[in-house]
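Novice: Generate the whole structure from the sequences, applying the supplied hints.
Okay, here's what each chain looks like letter by letter:
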Amino acid sequence: MKLSDETYEQQAALASYCRDGHLPKLDATIPDNLNQYRRLVFNIISDALGTSYPISAKKVGADDWEQLVDDFFSNYPCSSAQIWSMPYELITYLESDEHPIKLKFPWLMELLHFEWLEVEIFCDEDEEVHAEKSTEVLNEKLVINPTLRLEHFTFPVHKAIELKEQGDYYLLAYRSSENDKVYFEEITGFLALVIHQIANTELILRDILIESGKKLGITDEHVLLQEGKVFAEKMLQKTVFLGKELA
Amino acid sequence: MKNYQVGLGYRRDISEEIMSLAPGTIDFIELAPENWMNIGGQWKKDLKAAAEKYPMTVHGLSLSIGSPDELDIPFLKQVKAFLDEYNIDIYSEHLSYSKCDNAHLYDLLPIPFRKDAVKHIVKRIQQVQDILERELVLENVSYYSAIAPEMDEVDFINAILEESNCGMLLDVNNIYVNAFNHKYDIDDFIHRLNLQRTRYIHIAGHEKVSDTLIIDTHGQAIIDPVYEILEKVIDKTKPVPVLLERDFNFPQFDELIGEIKQIRSIINKVEA
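Heads up: the protein sequence lines correspond to chains A and B, in order. Number 201 in the numbering used here belongs to position 201 of the first sequence; there are no gaps in the numbering. Number 224 in the numbering used here belongs to position 224 of the second sequence; there are no gaps in the numbering.
These are calculated hints, taken from the structure and not from any lab test. The reader is advised that the hints may include incorrect statements.
Unchecked claim - With a cut-off of at most 30 Å between alpha-carbon atoms, the simulated BS3-like pairs for lysine-lysine come out as follows:
(1) A/K234 <-> A/K133
(2) A/K234 <-> B/K45
(3) B/K45 <-> A/K133
(4) A/K181 <-> B/K80
(5) B/K80 <-> A/K238
(6) A/K238 <-> B/K45
(7) A/K25 <-> B/K123
(8) A/K234 <-> B/K44
Specialist: The structure is reproduced here in structure tokens:
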């Protein structure tokens, strides 16, 4: 049975009040208590966002952050049924909205994205991985940790103390298969290209290193392979790579 | 799960303490599926370990049975997969709404106590039960104002219980909170409520924020009048599991165990 218009309107009015704080005409038995709903709901949203984005909240300052939270919750219908994933919707909201905070803090979108990566990767669902121990890394098709994200930032969000210096920052973010913690690692553009190739081609590491080197004008193949091998072995230790493809 | 077992809400803040409890201290744990579904890594490992040690019940947050919106069927199917994966029988939720006009609010808003709302919810209960292949157990929630009511709370709950085939999660703290906030008589409420449909009981603490308002916080110790309500209702219900809810402001763990013991002593007294 469909609800009557009156019941729907009362429910929608209370929900709308919780989101935007504008008290509507409601048939309430204790009108003075309605503000408790707005307070409780807003606190839940504010806590969840503050927990996911502690650095962003601190960097923009309490007033701007609270205004952002208010604007977000007033204007954006949160669609996630799981509150842990709701904070990602703040990024979606800002991407689709010309909010003044983006002009005031040009690094904010990248910082939010950086902070969200940690939550998202920590919570990533487990995936079965088919790999075996690497024995000769240069001649193997390496298997990448399924939680790995390769990210490019133009602000040094991983050094959140100073965000002014723009440039090209390549970060690996992944969940260790040893201890389930999330790690970030800054790498060079060249290594970012190598990892991108490992993830997206069927080539063995040696071929990827040589091909990537050519693209960037690196001609000393010996050094390229030697340093590439050291890097790959380090990544194997850190579980960025989980081994080689099964034969 | 045997009847009259006593459980504790499994929250991440106290998960280590719960896992290190001596056998028999608690009989089961309860968790919110929304906080654990579709998640891997450490939390998945923690959940698996908890499920190996304790029987589990789940208490959902986002079903929004009283919402004007359509039920979220993909979400319900995820809940079912979760219940099946961990072999969970009791799925409880709140007789409230937490989503409206396609926006989640992540808290429990009061459904208008109205006849059309009863019909609307009864139909949705059937849909939920069909998808989950389990009985839906709905909790009497605390509320701080009724909205456009045509009947009182107890008539509303009874109408839903009588017109649907769902079970009731009787939250004894919410009885206390609502009786205080809305100035009704607890004994009369209990007398009129259809307790035969009780499948499960919650007990918790609350916060009195003014002379006229109590907020259902699950963040304080249980007070004696709430224990007294527990004693009154379990004398009138069939034996059912009883759960201590504590969601934040966690005290020394011994204090929670003390509350568990007090719940057990009330059950033993009534059973004797």
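Novice: Now look at each hint and say whether the structure bears it out.
Specialist: The hints, checked one at a time:
Between A/K234 and A/K133 the alpha-carbon distance is near 14 Å, which keeps this suggested pair within the 30 Å criterion. Using a Cα cut-off of 30 Å, the hinted pair A/K234 and B/K45 holds, with the two alpha carbons roughly 26 Å apart. In summary, the hint linking B/K45 to A/K133 is supported, as the alpha carbons are separated by about 24 Å, within the 30 Å threshold. A C-alpha spacing of about 29 Å is found between A/K181 and B/K80, which places the hinted pair at or below 30 Å, so the restraint holds.
Restraint check for B/K80 and A/K238: the C-alpha separation of about 36 Å exceeds 30 Å, so the hint is violated. Restraint check: the Cα-Cα separation between A/K238 and B/K45 comes to about 20 Å, which is no more than 30 Å; the hinted pair holds. Restraint check: the Cα-Cα separation between A/K25 and B/K123 comes to about 29 Å, which is no more than 30 Å; the hinted pair holds. A hinted pair counts as satisfied when its Cα atoms are at most 30 Å apart, and A/K234 with B/K44 qualifies at roughly 27 Å.
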